[in-house]
Amino acid sequence: MSHWIILPIVLPAFLAPFIVLAARYHIVIQRSVSLAGVFALVVVAAGLAWQASDGTVTLYQLGDWAAPFGIVLVADRLSTLMVLLTAVLAFFVLLYAVGSRWDYRGWHFHALYQFQLMGIMGAFLTGDLFNLFVFFEVLLIASYGLMIHQGGTVRLRAGVQYVLYNLLGSTLFLFALGAIYAQTGTLNMADLAERVQLIDPSDTVGIRIAAVLLLMVFAIKAAVVPLHFWLPSSYAEAPAPVAALFAIMTKVGAYAIIRVYTMIFPPDLEATAGLHGWWLLPAALVSLAIGMVGLLAARKLDRLVAFSVIGSMGMVMISISLFTAEGITAALYYIIHSTLAAGALFLIVDLVRSSRADLMLTAQAPVAGSALTAGMFFMAAIAMAGLPPLSGFVGKLLILDASFDTGSVAWIWAVILISSLIAVVGFGRAGSVLFWKSQSVAVDPGAEVQAAPSPLSYVAVGGLLALLVAHTVLAGPMTRYTSAISAQLFAPEPYIATVLDTPGKLSDPYSDTDEEEAH
Amino acid sequence: MEFLVASAIGVLTAGGIYLVLRLRTFPVIMGVSLLTYAVNVFLFASGRLTVGAPPILSDGAVAYTDPLPQALVLTAIVISFGMTAVVVMIALGAYLGGDDDHVDDDTKAPAAEDAS
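These protein sequences, in sequence, are chains A and C.
As numbered in my numbering, the first sequence has no gaps in its residue numbers, which increase by one up to the final residue, 547.
As numbered in my numbering, the second sequence has no gaps in its residue numbers, which increase by one up to the final residue, 972.
Rather than coming from a laboratory, the hints here were simulated on the basis of the structure.
Backbone N, C-alpha and C define an ideal beta-carbon position, used for all residues, glycine too.
Among the clues, some could well be false.
Stated by the list, open to error - Which bits of chain A does chain C cover? Going by a derived footprint, with three or more residues having C-beta under 8 Å, they are:
id	segment
1	165–172
2	175–188
3	192–206
Make the full structure from the sequences, and use the hints.
The structure is reproduced here in structure tokens:
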């Protein structure tokens with residue numbers, strides 16, 4: 029049994045207390061440990077993704093207890109891809125946090141950051157629904173700390189809303205888990221996949237309620253309208269590197285929907301048929317529309333970017349709610365794009381903030397480094413709005429193509445195309461007011477000269493933008509890989525067999541030979 | 857007994873939702889606590905209600921109760937307790953800083969949120 033799978037969870041879990049206990053007053057040690065740890069995570073995640081890329085499903089039984097009695101971690105193509113994406117995003121965001129000295133403006137940034145990574149990695153790797161809940165809580169409690177980093181009343185108020193909303197979400201999650209356990213007697217995903225099929229078709233009330241509750245919980249995480257209200261304030265008020273890392277958190281919800289609703293409640297399951305088409309698709313269309321309209325209506329740059337995240341999650345959800353192989357392929361491609369683009373945009377917001385009085389979309393005098401910042405904003409905005417030549421355009425094309433044969437093609441095409449136009453107008457207006465018009469404003473001679481953001485900040489944003497370019501150039505191999513992922517998702521039998529048939533303690537109560545091999 | 861437990865969960869949930877909708881931090885936190893109590897009882901009942909039966913193997917026992925929901929409830933209690941403590945601290949910070957304990961955005965001054 030390979031122990032590499034658990035490393036993305038264990039490594040941050042050890043680094044965080046080390047940073048708190050041993051390096052509490054030494055920011056240099058904190059930074060080096062944190063950066064080295066996240067870089068090691070990137071390497072490990074790349075190794076895991078490479079290992080899973082040929083379609084093998086790797087299982088890790090905690091304490092060698094056999095599923096469904098023990099908790100298992102499962103590394104397949106989808107989970108390793110998400111782990112790799114998280115690690116790469118976290119690396120560049122951490123570079124930015126160090127470069128912009130955000131980590132020095134409050135206590136315990138690096139420790140909370142590591143705990144946050146631990147929760148996200150665990151959520152992607154676990155093969156057990158209750159364990160998914162626990163990792164959700166780990167990532168949430170770390171995010172509460174990160175969200176109010178540096179404090180301030182406005183940020184604390186947004187933090188209260190964020191925490192309460194997520195607390196209610198967690199309660200709903202527990203109700204869903206209780207309902208599932210009462211109906212099936214298990215919470216292991218692979219075991220559930222088999223048992224849900226066996227439920228008597230005339231007695232599906234409980235499991236249908238559970239499926240809807242679970243979808244609502246994941247929709248809260250993914251900020252699907254009408255459950256998106258927590259997102260704009262929290263993302264706008266959170267410190268920039270934290271908001272950039274939060275770009276992956278909405279994707280945790282998307283990942284959970286993909287995982288649970290392809291394996292446990294597949295589209296052809298009669299009891300939950302219509303859940304995606306009738307409920308998720310309209311909600312996703314409205315999310316996209318509201319996100320992009322909100323983008324146009326925003327009066328501050330940080331809210332504009334937050335609404336663009338809602339819009340892009342709507343786009344992802346439209347593609348997921350098709351629940352076809354092409355739809356999931358396109359959704360995964362778009363998830364990677366949207367994570368990188370949203371991360372870059374939040375960091376650029378901070379670059380703008382660091383040299384201006386506020387983030388209102390008004391013309392203010394130009395500042396040091398504004399040309400480079402403007403160029404980066406231009407590029408990230410093109411990516412986010414989905415204009416050619418960057419990956420947003422490729423992703424949108426894939427989603428349009430995937431929805432072409434469905435019954436709701438008219439709705440999907442209309443909403444996507446019109447909302448894209450609105451997004452282009454919104455980003456264009458913001459960019460021209462912030463960067464272009466500022467050239468006509470005279471510099472106040474008495475004003476204090478602001479230093480340009482540090483080169484490391486630009487390296488971090490540039491790294492994310494370079495990844496976006498690579499994601500565009502390598503669109504062919506990437507879509508081939510995401511279609512391999514969706515093929516694996518729609519044929520979950522090897523996954524289920526690996527989880528349930530791997531021997532471990534308790535798998536056969538009459539043989540004790542397994543216990544000798546535990547270590 | 858099933859009726860009693862189900863009613864208790866229902867009443868706790870209803871009370872919790874009512875308090876959450878008050879949108880002032882103290883009632884909201886009380887409401888969230890009530891909701892977590894309700895969900896704890898719900899989780900506990902998801903393994904079916906059994907009276908006086910041991911959860912682990914023991915000599916002479918004729919019936920057992922499901923031990924897993926008990927473990928789940930224990931985890932849920934710890935987590936919700938910790939989360940409530942966190943939200944109390946953050947809410948206290950926001951209240952002391954802003955002298956206002958409304959949870960939603962300020963309705964009196966719609967521009968306030970944009971003028972941070």
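Quick rundown of the hints versus the structure:
1. 165–172: With 4 residues in contact (Cβ-Cβ under 8 Å with chain C), the coverage given for the segment 165–172 of chain A holds.
2. 175–188: holds (count 9)
3. 192–206: holds (count 9)
The structure shown violates none of the earlier numbered hints.
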